[in-house]
Amino acid sequence: MPTDVAHTLPLDDTLTPVAEDELARVVRECARDRRAVYPLGGQTSLDVGLPARRRGLGLSLAGMNNIVDYPARDMTITVEAGLRVADLADKLAAENQWLPIDIPEASQATIGGAIASNASGPRRYAHGTIRDYVIGIRAVDGRGTAFQAGGRVVKNVAGYDFCKLLCGSFGTLAVITQVTLKIKPRPPASAWAWCELPSLEAADKLLATLTTSATTPTAIELLTGPPPDEEGPLASVAPARLLIGYEGTAAEVAWQLEQIQMAGRAEGVNYQSTGETATVQRVWSRLTEFSVPDAEGVAQTSALAIIKASVLSSMITNLIRSIQELAPTAAILAHAGSGIVTVRLSETPLGGLAAAIVRHWQPAARAARGNLVLLAARDTGELTRQVVWGMPQDDARLQLAVKQQFDPHGILNPGRFVYGSA
Amino acid sequence: MIAQRLPSLIEDLRRAVGSDGVLANRADLLVYECDGFVIEKSSPDVVVFPRSTADVAAVVRLANEYDVPCLPRGAGTSLAGGCLPVGGGIVVALTRMKRILEIDLRNRYALVEPGVVNVWLTQALKGTGFHYAPDPSSQGACTIGGNLATNSGGPHTLKYGVTVNHVLGLEAVLADGSIVEIGGPAEDAPGLDLTGVLVGSEGTLAIATKIWVRLTRDPQGYRTMLGVFESVDDATTSISEIIAAGIVPAALEMMDQGILVALEEAFQFGFPLDAQAILLIEVDGLEAGLDEQRDRIAEICQRCHAREVRQAVDAAERQKLWKCRKQAFGAVGRLSPSYCTQDGVVPRTKLPHMLRRIYEIGGKHGVRIVNVFHAGDGNLHPIVLFDERNPDEIRRVLAASGEILDECIACGGSVTGEHGIGVEKLEFMRKLFTPDDLAVMERLRHAFNPVGRLSPHKMLPTAGACGIEQRAPGRRAAL
Chain A
266 MPTDVAHTLP
276 LDDTLTPVAE
286 DELARVVREC
296 ARDRRAVYPL
306 GGQTSLDVGL
316 PARRRGLGLS
326 LAGMNNIVDY
336 PARDMTITVE
346 AGLRVADLAD
356 KLAAENQWLP
366 IDIPEASQAT
376 IGGAIASNAS
386 GPRRYAHGTI
396 RDYVIGIRAV
406 DGRGTAFQAG
416 GRVVKNVAGY
426 DFCKLLCGSF
436 GTLAVITQVT
446 LKIKPRPPAS
456 AWAWCELPSL
466 EAADKLLATL
476 TTSATTPTAI
486 ELLTGPPPDE
496 EGPLASVAPA
506 RLLIGYEGTA
516 AEVAWQLEQI
526 QMAGRAEGVN
536 YQSTGETATV
546 QRVWSRLTEF
556 SVPDAEGVAQ
566 TSALAIIKAS
576 VLSSMITNLI
586 RSIQELAPTA
596 AILAHAGSGI
606 VTVRLSETPL
616 GGLAAAIVRH
626 WQPAARAARG
636 NLVLLAARDT
646 GELTRQVVWG
656 MPQDDARLQL
666 AVKQQFDPHG
676 ILNPGRFVYG
686 SA
Chain U
1149 MIAQRLPSLI
1159 EDLRRAVGSD
1169 GVLANRADLL
1179 VYECDGFVIE
1189 KSSPDVVVFP
1199 RSTADVAAVV
1209 RLANEYDVPC
1219 LPRGAGTSLA
1229 GGCLPVGGGI
1239 VVALTRMKRI
1249 LEIDLRNRYA
1259 LVEPGVVNVW
1269 LTQALKGTGF
1279 HYAPDPSSQG
1289 ACTIGGNLAT
1299 NSGGPHTLKY
1309 GVTVNHVLGL
1319 EAVLADGSIV
1329 EIGGPAEDAP
1339 GLDLTGVLVG
1349 SEGTLAIATK
1359 IWVRLTRDPQ
1369 GYRTMLGVFE
1379 SVDDATTSIS
1389 EIIAAGIVPA
1399 ALEMMDQGIL
1409 VALEEAFQFG
1419 FPLDAQAILL
1429 IEVDGLEAGL
1439 DEQRDRIAEI
1449 CQRCHAREVR
1459 QAVDAAERQK
1469 LWKCRKQAFG
1479 AVGRLSPSYC
1489 TQDGVVPRTK
1499 LPHMLRRIYE
1509 IGGKHGVRIV
1519 NVFHAGDGNL
1529 HPIVLFDERN
1539 PDEIRRVLAA
1549 SGEILDECIA
1559 CGGSVTGEHG
1569 IGVEKLEFMR
1579 KLFTPDDLAV
1589 MERLRHAFNP
1599 VGRLSPHKML
1609 PTAGACGIEQ
1619 RAPGRRAAL
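Going down the list, the protein sequences come from chains A and U. This note's numbering numbers the first residue of the first sequence as 266 and each following residue consecutively. This note's numbering numbers the first residue of the second sequence as 1149 and each following residue consecutively.
Okay, chain A solo, but in the shape it has when bound:
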């Protein structure tokens, strides 16, 4: 469910333009008046970032949700940014195609918002992230200038690649208005293999062997703590659970299940498996929704805070251990092959949330060559830039320089992203 926008953002008003020129005009006026603009998609990721302090205008993309062009035989689609992800998926499914990115709350989330927040899930191991699919983009910068980059062909090196730059920029450089996506054929078969493990050490050992598995997993998922489902493959309460997702033709999936079970037997690991459609889809869905604060299932409660770490995949069990030391009841999901660890806290960690993050977990993530950020917290009182986004990156000065070029008056989603006060 979307967070109540009125409680999250200090909005005076919300406008819903139906065309890019209208949207650009609104931003130009806001730039002139130095008025803050909060771009709004499906409002599913409003918890991400520092709390908004400046009052301003909500700029909803809900009125720009058309499919502009869908040449299915070219495997591309051009859509307005306000299109709901589920509607996009339905349209693609009718042609047996898909965008293989797991986006939580798809019936609510918009494609523009998913791009701006760099949404991802289990399938990123095989399919990459949304930046790998955006081949053309239109947007309005903080001056109110509409611009485009890329195009509608799958290979194109003309000009700077703003398609990548705007992925994960949280609306702070420009308001995305339209995108062209590269899409893929939908695989006909999907299955999960899973096993229960006595410890994180055992999980780490097994993960190492998967690096050179003869199979080609779509997802490699490691779970600890309260299970994210009451039944089926995710219901286990073993100290560590490993799930491997396979997709492809029926013959490819069947061969891989057989192969992984054979490899498991050689290592003394007992994999179970299922290709039953409803069960398989439920697992994909629960894993995709894991990062949603009040997602169903996990520990039967909404989370107090959600944390995301991105580290070397060989280091995830180290990181999980350091989280468990201060938060033994945390529910943890790792996209293990990609080194992405999502933590759902339902109790305050020992010493308090901010201290646990800054003094213990962020250093642990750095030691694992990565980062740790706070995606959502019920109590936003003690949030600082460092608690939410971690220590400034080495390229912080460049990031700010880019921000200032795109949004010289600092009106786009101000004060919430990595730039500090901008």
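Keep in mind the hints are simulated off the structure, nothing from the lab. Treat the hints loosely; a few may be bogus.
With a Cα cut of at most 30 Å, we get these calculated BS3-like pairs of lysine-lysine [to be verified]: (1) U:K1274 / U:K1358; (2) U:K1307 / U:K1358; (3) U:K1471 / U:K1246; (4) U:K1274 / U:K1246; (5) A:K356 / A:K470; (6) U:K1579 / U:K1274; (7) U:K1474 / A:K447; (8) A:K449 / U:K1246; (9) A:K470 / A:K573; (10) U:K1189 / A:K449; (11) A:K356 / U:K1274; (12) A:K449 / A:K356; (13) U:K1474 / U:K1246; (14) U:K1189 / U:K1468; (15) A:K573 / U:K1358; (16) U:K1474 / U:K1358; (17) A:K447 / A:K356; (18) U:K1474 / U:K1307; (19) A:K447 / A:K573; (20) A:K447 / U:K1579; (21) A:K470 / U:K1474; (22) U:K1307 / A:K447; (23) U:K1274 / U:K1189; (24) U:K1474 / U:K1274.
In silico contact screen, one side only, chain A against chain U (beta carbon under 10 Å); selected entries [said to hold, decoys possible]: (25) T341; (26) A358; (27) N361; (28) R396; (29) D426; (30) L472; (31) G513; (32) W520; (33) M527; (34) L577; (35) G604; (36) N636.
Over 12 Å on every C-beta distance to chain A, these chain U residues come out as not near it, computed from the model [claimed, not checked]: (37) D1341; (38) S1349; (39) D1422.
Virtual Cβ for every residue (Gly too), placed ideally from N, Cα, C.
We have chain A; now place chain U onto it with these hints.
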């Protein structure tokens, strides 16, 4: 630059990187006047060969001190003039920074210096079960730093993606000589994806000194096929049908009769010389799925009137086929003294139309055009043959090339899929982008490179591109 200060700059550069790392005499500089795009030539004042990040930073600081342009260069295989030292200044040749610093299979990455030749990395990975996926046809010579600058593609990028899909992060020297780390071996660093915009920035934003690249698992098996067609139309229709059927081949390349003749002379593969077009199609992945994909592709080709679809019998034959394809441009020397190639892209469904237009345009201007290209991506490489001693022919070649690119734009495509804008296609940027689009790009460059120190006059026509006038097309064919 002001001639009086040159000796002092050279002296300072020698102090910074060592005497053996500086070239400054006229004969030595000749090599660095251009890259694979030989129409325009401009001599640098000096070429330096740094061995470390600190060396590169010192060189850039000197470029600022002496107020001269500074241009990074890899192997110089760029086809669009990205390495043309417009306005002279310092060429920073990164070919001595050629160490593979780290290979981490568990975490699927390698850390390399920019001068590492593309194929060296894959050679270093042999036997590990991993490889580096982007495989430009020049991979035996081109560097990973250069690949990063141009966001290089290659035949296998149809399935595996281009360079940007395989770069995790980099260490770079900025225009002011400072050193910065952007991204890194772990995914999803918080903040803006500057790595994403640095890839393909043609040296205009920063000089990469270390690059983290993603490694890819080797496929379990391959099926490599040749589809033989009696008309180009049937071949291009097959391409469109294969993509539309939801098959993603690892590679899907087309060669027309013109190029086949040259290839056959050069490599004696046994290509049927009376065929009008050949498709080189490769699927890879799990053995369990390959025969099914092969059969579906063969069925589609046959439905599109292929005369024959044959499969490479073994690994040796597969390798020979790929050697022919990757060295195709080299074989063009058998057809004419000079050639120029374009790099336009169209939606895959427009390929039949586009190929017909290419031959029509060639006929209209009285120039011969042969084709070998990344068909599955819709990325054309029409090769226009000419003799550069014939000025009238050169005019016609230029006119034909321009008309082909205009047609790509009219089809909803782009003027460059993988070679870059460089200096060659600067004027086409105004046809692809509005003044507002270009102004936003200009501002991005300003954030990184405010005074235009790095690679001036490249990529953006608004960047004071003064007087790069195309006088003659293309490059001498390799002999």
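Status of the hints after comparison with the structure:
For the hint pairing K1274 (chain U) with K1358 (chain U), the CA-to-CA distance comes to about 22 Å; that is within 30 Å, so the pair holds. Distance restraint check for K1307 (chain U) and K1358 (chain U): the Cα-Cα separation of roughly 26 Å lies within the 30 Å cut-off, and the hinted pair is therefore satisfied. Straight-line distance between C-alpha atoms of K1471 (chain U) and K1246 (chain U) comes to about 25 Å, which keeps the hinted pair within the 30 Å bound. Between the alpha carbons of K1274 (chain U) and K1246 (chain U) the distance comes to roughly 18 Å, so the proposed pair stays at or under 30 Å and holds.
With a CA separation close to 42 Å, the supplied pair K356 (chain A) and K470 (chain A) exceeds the 30 Å bound. A C-alpha spacing of about 44 Å is found between K1579 (chain U) and K1274 (chain U), which places the hinted pair above 30 Å, so the restraint is violated. Of the pairs offered as hints, the one joining K1474 (chain U) and K447 (chain A) holds, with about 26 Å between alpha carbons and a cut-off of 30 Å not exceeded. Between the alpha carbons of K449 (chain A) and K1246 (chain U) the distance comes to roughly 36 Å, so the proposed pair goes past 30 Å and is violated.
Taking the CA atoms of K470 (chain A) and K573 (chain A), the gap is near 23 Å; set against the 30 Å cutoff, the hint holds. The suggested pairing of K1189 (chain U) with K449 (chain A) is violated, with an alpha-carbon distance near 43 Å, which exceeds 30 Å. With a C-alpha separation of about 42 Å, the suggested pair K356 (chain A) and K1274 (chain U) falls outside the 30 Å cut-off, and the hint is violated. Between the alpha carbons of K449 (chain A) and K356 (chain A) the distance comes to roughly 13 Å, so the proposed pair stays at or under 30 Å and holds.
For the given pair, K1474 (chain U) sits about 23 Å from K1246 (chain U) by alpha-carbon distance, which is consistent with the 30 Å threshold. The straight-line distance between the Cα atoms of K1189 (chain U) and K1468 (chain U) is roughly 36 Å, outside the 30 Å bound, and the hint therefore fails. For the proposed pair K573 (chain A) and K1358 (chain U), the alpha carbon gap of about 27 Å is at most 30 Å, so the pair holds. Our distance criterion of 30 Å between C-alpha atoms is met by K1474 (chain U) and K1358 (chain U), whose separation comes to about 27 Å.
Annotation: proposed proximity of K447 (chain A) to K356 (chain A) holds, straight-line Cα distance about 14 Å (limit 30 Å). Distance restraint check for K1474 (chain U) and K1307 (chain U): the Cα-Cα separation of roughly 17 Å lies within the 30 Å cut-off, and the hinted pair is therefore satisfied. A threshold of 30 Å between alpha carbons decides the hint, and for K447 (chain A) with K573 (chain A) the separation of about 27 Å falls inside it, so the pair holds. A distance of roughly 23 Å separates the Cα atoms of K447 (chain A) and K1579 (chain U); the hinted pair therefore holds under the 30 Å criterion.
With a C-alpha separation of about 41 Å, the suggested pairing of K470 (chain A) with K1474 (chain U) is violated against the 30 Å cut-off. For the hint linking K1307 (chain U) to K447 (chain A), the alpha-carbon distance of about 12 Å falls within 30 Å, and the restraint holds. A hinted pair counts as satisfied when its Cα atoms are at most 30 Å apart, and K1274 (chain U) with K1189 (chain U) does not qualify at roughly 39 Å. The hinted pair formed by K1474 (chain U) and K1274 (chain U) meets the criterion: a straight-line CA distance of about 20 Å does not exceed 30 Å.
Evaluation of the T341 (chain A) hint against chain U yields a held restraint, the C-beta minimum of about 7 Å falling below 10 Å. Among the interface hints, the one on A358 (chain A) is violated; its C-beta lies about 12 Å from the nearest C-beta in chain U, farther than the 10 Å criterion. A cut of 10 Å between beta carbons decides the hint on N361 (chain A): the least distance to chain U is about 6 Å, and the hint holds. Interface restraint check for R396 (chain A): the shortest CB-CB distance to chain U comes to about 6 Å, inside 10 Å, so the restraint holds.
At a threshold of 10 Å, the smallest CB-CB gap from D426 (chain A) to chain U is about 5 Å, leaving the interface hint in force. Given hint, L472 (chain A) at the interface with chain U, holds; its Cβ is 8 Å from that chain's nearest Cβ, closer than 10 Å. The beta carbon of G513 (chain A) comes within 6 Å of a beta carbon in chain U, closer than 10 Å, and the hint placing it at the interface holds. A cut of 10 Å between beta carbons decides the hint on W520 (chain A): the least distance to chain U is about 4 Å, and the hint holds.
Contact between M527 (chain A) and chain U, as hinted, is not supported at the beta carbon level, the nearest pair being about 14 Å apart and thus beyond 10 Å. At its closest, the beta carbon of L577 (chain A) sits 5 Å from a beta carbon of chain U; the interface hint therefore holds under the 10 Å criterion. Annotation: G604 (chain A) was flagged as interfacial toward chain U, and the flag holds, the nearest CB pair being 5 Å apart, inside 10 Å. Evaluation of the N636 (chain A) hint against chain U yields a held restraint, the C-beta minimum of about 5 Å falling below 10 Å.
The beta carbon of D1341 (chain U) sits about 5 Å from the closest Cβ of chain A, which is not more than 12 Å, so the claim that it is off the interface is violated. The Cβ of S1349 (chain U) sits about 6 Å from the closest Cβ of chain A, inside the 12 Å cut-off, so the non-interface label is violated. Distance to chain A confirms D1422 (chain U) as a non-interface residue, since its nearest Cβ pair spans about 31 Å, more than 12 Å.
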